[in-house]
Every structure is written in C-alpha cells, then in structure tokens.
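Asks: Sequence:
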Amino acid sequence: MNYKKEYLEVFLKNQGQLFDEPVAETLEEADEFLDECMAVVLKNIKEVKKYFEENGMDTAGMSAQELKEEAEVFALPDGKFLVVEG
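In the working numbering, the protein residues as written are 123 to 208.
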C-alpha cells in the first residue's frame, strides 16, 4: 500500500465529490486507483495552491476555503490534503 489507511478511507468515503460513480470499493482498489492517477498528499493548503499552479490552474483570487472546496481536494484527518486528478 502506498497511501496511509486513513487516507484511503477518506477517499473511499468521499469519492462521490469527484466521481459520479465509485471508482473503488476496497482499500486495495482505492490504493491502486490513487497510485494510477498519481494522487498526491500535500502538507497544507499553500502546497495545494502551489501544486495547482504548477499544473496550469489559475488560482489567482482563490481563498484557502475555495481551494479546499475543489472537487479534487480531500481533507485528511491529520491536516494534510489528498489531491486526486479526476
């Protein structure tokens, strides 16, 4: 497993915010899916903003709250963020 169990659980529980239908039903499937789409764990919302900017997203004028509400952003229990490209 590449991702912490609690990160996989958050993704499984909240995958509907990004996908119309479930892409994974087990921790193993979630881990494989996140690995395939090169999901990243970032330590804070500033890193999320930087990640989006490096990948061509215009984040000018976006608040931290707006970034957290992006469908690709999953808040993790330890304060970090999982970013999944949909």
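Be careful, since some hints might not be right.
[As the list claims (entries may be wrong)] Each computed DSBU-like pair below joins lysine-lysine, with the alpha-carbon atoms no more than 35 angstroms apart:
1. Lys127 <-> Lys168
2. Lys126 <-> Lys202
3. Lys202 <-> Lys127
4. Lys190 <-> Lys171
5. Lys190 <-> Lys126
6. Lys172 <-> Lys126
7. Lys171 <-> Lys135
8. Lys165 <-> Lys127
9. Lys202 <-> Lys165
10. Lys202 <-> Lys190
11. Lys171 <-> Lys126
12. Lys202 <-> Lys171
13. Lys135 <-> Lys202
14. Lys168 <-> Lys202
15. Lys135 <-> Lys165
16. Lys190 <-> Lys168
17. Lys190 <-> Lys165
18. Lys171 <-> Lys127
19. Lys202 <-> Lys172
20. Lys165 <-> Lys126
21. Lys135 <-> Lys168
No lab work stands behind these hints, which were simulated from the structure alone.
Predicted, not measured: the structure shown is a model, and the values here were computed from it.
Asks: If a hint holds in the structure, say so; if it does not, say that too.
Replies: Here's how the hints hold up against the structure:
1. Lys127 <-> Lys168: Given that 35 angstroms is the threshold and the Cα spacing comes to 24 angstroms, the pair holds.
2. Lys126 <-> Lys202: At roughly 12 angstroms apart (the allowed maximum being 35 angstroms), Lys202 and Lys126 satisfy the hint.
3. Lys202 <-> Lys127: Answer holds: Lys202 to Lys127 is near 14 angstroms, not above 35 angstroms.
4. Lys190 <-> Lys171: Distance ~10 angstroms between Lys190 and Lys171 Cα, so the pair holds.
5. Lys190 <-> Lys126: 20 angstroms, holds
6. Lys172 <-> Lys126: 23 angstroms, holds
7. Lys171 <-> Lys135: Measuring from Cα to Cα gives roughly 24 angstroms; hence the hint holds.
8. Lys165 <-> Lys127: Cα-Cα ~17 angstroms, so holds.
9. Lys202 <-> Lys165: 5 angstroms, holds
10. Lys202 <-> Lys190: 11 angstroms, holds
11. Lys171 <-> Lys126: Holds - the C-alpha atoms of Lys126 and Lys171 are around 22 angstroms apart, at most 35 angstroms.
12. Lys202 <-> Lys171: Judged against 35 angstroms, a Cα distance of about 13 angstroms means the pair holds.
13. Lys135 <-> Lys202: Distance ~17 angstroms between Lys135 and Lys202 Cα, so the pair holds.
14. Lys168 <-> Lys202: OK: Lys168 and Lys202 at ~11 angstroms, within 35 angstroms.
15. Lys135 <-> Lys165: Within the cut-off at roughly 21 angstroms; holds.
16. Lys190 <-> Lys168: This hinted pair holds, its Cα atoms lying about 11 angstroms apart.
17. Lys190 <-> Lys165: 13 angstroms, holds
18. Lys171 <-> Lys127: 25 angstroms, holds
19. Lys202 <-> Lys172: Between Lys202 and Lys172 the Cα gap is close to 14 angstroms, so the pair holds against 35 angstroms.
20. Lys165 <-> Lys126: Distance of about 14 angstroms is within 35 angstroms: holds.
21. Lys135 <-> Lys168: 24 angstroms, holds
Of the numbered hints stated above, none is contradicted by the structure.
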